[in-house]
Structure formats: C-alpha cells, structure tokens
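Chemist: Given next are the chains, with one letter for each unit.
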Amino acid sequence: MDNTTQPTTSGVTGLIEDWVSDKDAFKNVSWGKTMMWIFLLSDTFIFSCFLVGYMSVRMTTDVPWPNTSEVFALTIAGEHIPLILIAIMTFVLITSSGTMAMAVNCGYRRQRKQAAVLMLVTAVFGVCFVGMQAFEWTKLIEEGVRPWGNPMGAPQFGAAFFMITGFHGFHVSIGVIYLTVVALKVLRGDYEERGYEIVEITGLYWHFVDLVWVFIFAFFYLW
Amino acid sequence: MQNNTDTQPQQHPISLYFKVWGLLFVLSSFSYLVDYMQYQGLLRWTLILVFMFLKAGLIVAVFMHMVWERIAFTLAILSPPLCILVLIALMASEASYTNLNRLIFFG
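Residue numbers (the numbering used here), protein chains in the order written: chain A, 1 to 223; chain B, 1001 to 1107.
I should point out that these hints are in silico values taken from the structure, not numbers from a laboratory. In this text, all values refer to a predicted model and were calculated from it rather than measured experimentally. Built from N, CA and C at the ideal position, the CB exists for glycine as well. Careful, some of the hints might be misleading.
Computed Cβ-Cβ distance ranges for the label pairs, DEER-style [unchecked claim]:
# : chain 1 : residue 1 : chain 2 : residue 2 : range
1 : A       : 18        : B       : 1026      : 48 to 58 Å
2 : B       : 1093      : A       : 76        : 41 to 51 Å
3 : B       : 1093      : A       : 149       : 19 to 29 Å
4 : B       : 1023      : A       : 128       : 18 to 28 Å
Some chain A residues well away from chain B (every beta-carbon gap over 12 Å; in silico) [as the list claims (entries may be wrong)]:
# : residue
5 : 14
6 : 143
7 : 158
8 : 174
Short, incomplete list of chain A residues facing chain B, as computed with Cβ under 10 Å [unchecked claim]:
#  : residue
9  : 53
10 : 62
11 : 90
12 : 109
13 : 200
14 : 208
Pulled out of the complex, with its shape left as it was, chain A reads as follows:
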C-alpha cells in the first residue's frame, strides 16, 4: 500500500481502509498468503494443545497404554500386518501433498487446466484418507473403544484417539471442500487476471494438514 495518500473516505469504508493501510512488514508476501500462514500458526497451537493433552494423560495413567501397533493391525489375505492401515493413510496423504505441489507449480506456469486437475486429484486422495479414517473409527467403535474406556488398556486412549484424529479428519474434510471450490474457480478462469497465487495459498493449507499428520503419526501411532 502507498502510505502517502491522504484519507479520502469516511464512515465504515474509511475505518476499513485505515486498518488495512499500515505499512507491510513482510516483503514479497501478499496479504492472502500472510493471513493463511497466521491461521496455520494458530492451528499449530490448537493441535499442539491436543497432543500435549494426550502426552499428559498418557504420562499420568498407571494403567498400561493400548499397544497401537496391535490396535491398528489388519489381516490382509491371511497375513497379520501391524499398523498397516495407518501406514497406507500416511502414504495417501504424502501422495496428495505431492500432487498439490505440482498443482502450485502448474498454476504459476499459468497452465490452469493441469493445475485444476491436479488439485482435484489431491482432493480425491483427501477423500480416500477420510474414508479410511471412517473405516478405522468404525472398526474401533465395534471393538468397544469409547471416549471413556476401552477393552485394551488405559481408558484415556479413546478420548485422545477420537479427539486428535477427529479434529485432523475434520481438517482434511474442510481441505477437500476448499480444494474443490478453488479448483473449479481455477478451471473457470477466474484467476486469469489476478494470477495463481491462490493455488499456493490453498496448497499451504493442504501441506499443513499433511504436516500435522506427520506429528500425529509419530506421537500417537508410533510412540
């Protein structure tokens, strides 16, 4: 923004203009991108609170914590494989992060069709992830896991599991909607004049969802 211009408007419009006219500290970063990063920063704190809460209950309990390796094992073709579902979910999410990075790249090359298609592919991987999570929840609920107790060990396991994975799955679901909306707008050519930074901003959100999963995978499933 140009700081030398004199205020010309009053009322609510003037109020808004004054608030947005401050000198920008972040060079080369647009407002849209800054705001997405600040939102992601606040989200980092939310997820950290969940994970620290999980750490606290896991440290305080004197009942053994359920063995996640066994809880999330699946029998595929007669073969008992520990934690396999979570491993597949991790790979699906990383694959989607890759297609998202490609979409951002295509956007800046102004190949809008490729960018939109790659974003939709990313969204499909997101749907796969949420689908597998729904399967996982169903399986655990059938086995008697509840937020207040479970047959495998420490009763806090259920509360931590549903809260952390639920909130993450919610983020993925919102991300799928967000990606689809932006992809359709990209396809329609809404950003031909403004440029395709919006694809990068959407990508930031999606990569963040993957980033949070890295921490959940390490602390909740592997620890």
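The hints should help you fit chain B onto chain A, whose structure is shown.
Modeler: Chain B only, in chain A's frame:
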C-alpha cells in the same frame, strides 16, 4: 491489499519437488519400519523423532516454500511455536507428579 508488483511467484524446478516427494516416501517407510521391526525404548523414540523432524522440515521448507521466504517472515511464523516447548515441559513435570501420586495411593 493485492499488490502484485512486489510479490515474486514461487517458481522452482519441478525436479526438486519430485526429489522431496520421493524422500518423504522413503522417510515414511523408515518410520513405519521402526514399528514393523519392533524397536523399543530409546532407539525407537530417537528414530521416530528424527524421521518426524526430517519429514516436517522438508514439507515446511520446500512444499510450503519457507526456505525461499525472507527471514522476517520465516521468524514471525516459525518462532512462536517454540513456546510449545515450555508447555510440554510444564505438563510433563505436572504429569509425572500426578503419576507418582497415583502409584503411591492407588498402585
């Protein structure tokens, strides 16, 4: 305010993304192998943390383009989460105290 004159598009060679993508797959496989091989104790926790930070670092640095941003921006975004370390320390000391009491009175 949209100001396209001073925002530089994040344009980087596509081969770099492919390399990082591949690396993330390899690191994820290693994380999974930690569980599959049933490593326990200190070795398990160290490996989990190493692979976790490498993956997180690659995603933030390359996929989220943080390595190409200016320091003012990087610090504004990446330094506040360090506060969480204080929270972890406080909660860990509180939790071990609670655990000790539970062992003494209910154990």
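Chemist: Would you mind marking each hint as holding or not holding in the structure?
Modeler: Results for each hint:
no., hint, in the structure
1, A:18 to B:1026: 48 to 58 Å, "holds, 51 Å"
2, B:1093 to A:76: 41 to 51 Å, "holds, 43 Å"
3, B:1093 to A:149: 19 to 29 Å, "holds, 27 Å"
4, B:1023 to A:128: 18 to 28 Å, "holds, 22 Å"
5, 14, "holds, 15 Å"
6, 143, "holds, 20 Å"
7, 158, "holds, 19 Å"
8, 174, "holds, 18 Å"
9, 53, "holds, 8 Å"
10, 62, "holds, 5 Å"
11, 90, "holds, 5 Å"
12, 109, "holds, 8 Å"
13, 200, "holds, 6 Å"
14, 208, "holds, 7 Å"
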